[in-house]
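Chemist: Following the hints, position chain B against chain A.
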Amino acid sequence: MKVILDANILVSLKTARKASPIQELRQLWLIKNAFQVAMSDYIHEEVVRTLYKPYFLSKLDHDARIEYLWRLRKITTRVEVTTTVVEAAAHPKDDPIVATAIDAHLKHIITGDKPFQRKAPHIFETYEISVLTPEAFIDEEKDFRGFSVLLYAHHSSLSLCGRACQVLLRPRYLLYEVTVRGLRNAE
Amino acid sequence: MDSMQEPIKQTMKSSAVRDHWSEVVNDVFTKKKTIRVKKSGLTVLGLVPPEDLQLIQEFKAEKLRVENLLDKISTAFEGVPEEEIQREIEKAQLEVWEEYQRNTSGK
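So the protein sequences, as listed, match chains A and B.
Following the working numbering, the numbering of the first sequence begins with 678 at its first residue and continues without gaps.
Following the working numbering, the numbering of the second sequence begins with 5 at its first residue and continues without gaps.
Just chain A, same shape as in the assembly (with noise of 0.2 Å):
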């Protein structure tokens, strides 16, 4: 699976406590390999931009700095955003966002900005773009994991079709090849 995360993310990244949400998208992200990130050129500006802001500026050293932000390139599949989109988020700075998962063909875009979550229902009846926080996207994974165990284990069981089939039947599991394929395998 691939996704977007916002440039807050990438930038919350840095700071994150122990036991937190972004800390579990971190480990989920470059430890056990659970997704990939695609950046377009927009939000690696943002990035940039973020860090070297005073606040930045004044508690990372700069040598970590520039580290990050040159492996934050090689860790990310490169976009490139031709798609132009107005007013679908809250704020036309998270448009080019928008773009960037349309021109990836990706589903979800994880954000800690609230008002950009708050437009998640216009954003996925549009485009078919989940917009998510860094929780609902682990309760989502944990789900999606959980149930791909239990597709493979009771694929030809009826006892799948109890809340296991209600959950995958929420329109953004539908999104999920391999969860329609498990539903196909269920039928």
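Hints were generated in silico from the structure; no laboratory data involved.
There could be a bad hint or two in this list.
[Unchecked claim] Derived pair list, reagent style DSSO-like, types lysine-lysine, alpha-carbon separation capped at 27 Å:
no. : chain 1 : residue 1 : chain 2 : residue 2
1   : B       : Lys43     : A       : Lys751
2   : A       : Lys751    : B       : Lys13
3   : B       : Lys64     : B       : Lys95
4   : B       : Lys13     : A       : Lys736
5   : B       : Lys95     : A       : Lys770
6   : B       : Lys13     : A       : Lys679
7   : A       : Lys736    : B       : Lys67
8   : A       : Lys679    : B       : Lys36
Modeler: Structure of chain B alone, referenced to chain A:
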């Protein structure tokens, strides 16, 4: 002209992989095929040429380096309230957007 070839991708059932193992090994090694192995509709395994395996290992190592780096630099924020950090990120991002607007409208 571009002489690079797209890698050959294939999906196989695990039973077919078992039945044609020698052929599969040959395809991956000589034809540089990437094979997605499925069992009961789920991908359970990927078979890749050794060069790709090296790339995957290097990529994972790079991610671990980022994790270690983040671990090291997150100490700079110890004791700083979460709300303060979020407020500063939001403020910085709005400023970045205003700068971006100014730069693009000036072009």
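Chemist: Decide, hint by hint, whether the structure agrees.
Modeler: Consistency of the hints with the structure:
The hinted pair formed by lysine 43 of chain B and lysine 751 of chain A fails the criterion: a straight-line CA distance of about 32 Å is larger than 27 Å. Restraint check for lysine 751 of chain A and lysine 13 of chain B: the C-alpha separation of about 24 Å stays at or below 27 Å, so the hint holds. Using a Cα cut-off of 27 Å, the hinted pair lysine 64 of chain B and lysine 95 of chain B is violated, with the two alpha carbons roughly 33 Å apart. At roughly 46 Å between alpha-carbon atoms, lysine 13 of chain B and lysine 736 of chain A are farther apart than 27 Å, so this suggested pair is violated.
Distance restraint check for lysine 95 of chain B and lysine 770 of chain A: the Cα-Cα separation of roughly 13 Å lies within the 27 Å cut-off, and the hinted pair is therefore satisfied. For the hint pairing lysine 13 of chain B with lysine 679 of chain A, the CA-to-CA distance comes to about 19 Å; that is within 27 Å, so the pair holds. Distance restraint check for lysine 736 of chain A and lysine 67 of chain B: the Cα-Cα separation of roughly 23 Å lies within the 27 Å cut-off, and the hinted pair is therefore satisfied. A hinted pair counts as satisfied when its Cα atoms are at most 27 Å apart, and lysine 679 of chain A with lysine 36 of chain B qualifies at roughly 24 Å.
Going down the numbered hints, you'll see the structure goes against 1, 3 and 4, while the others check out.
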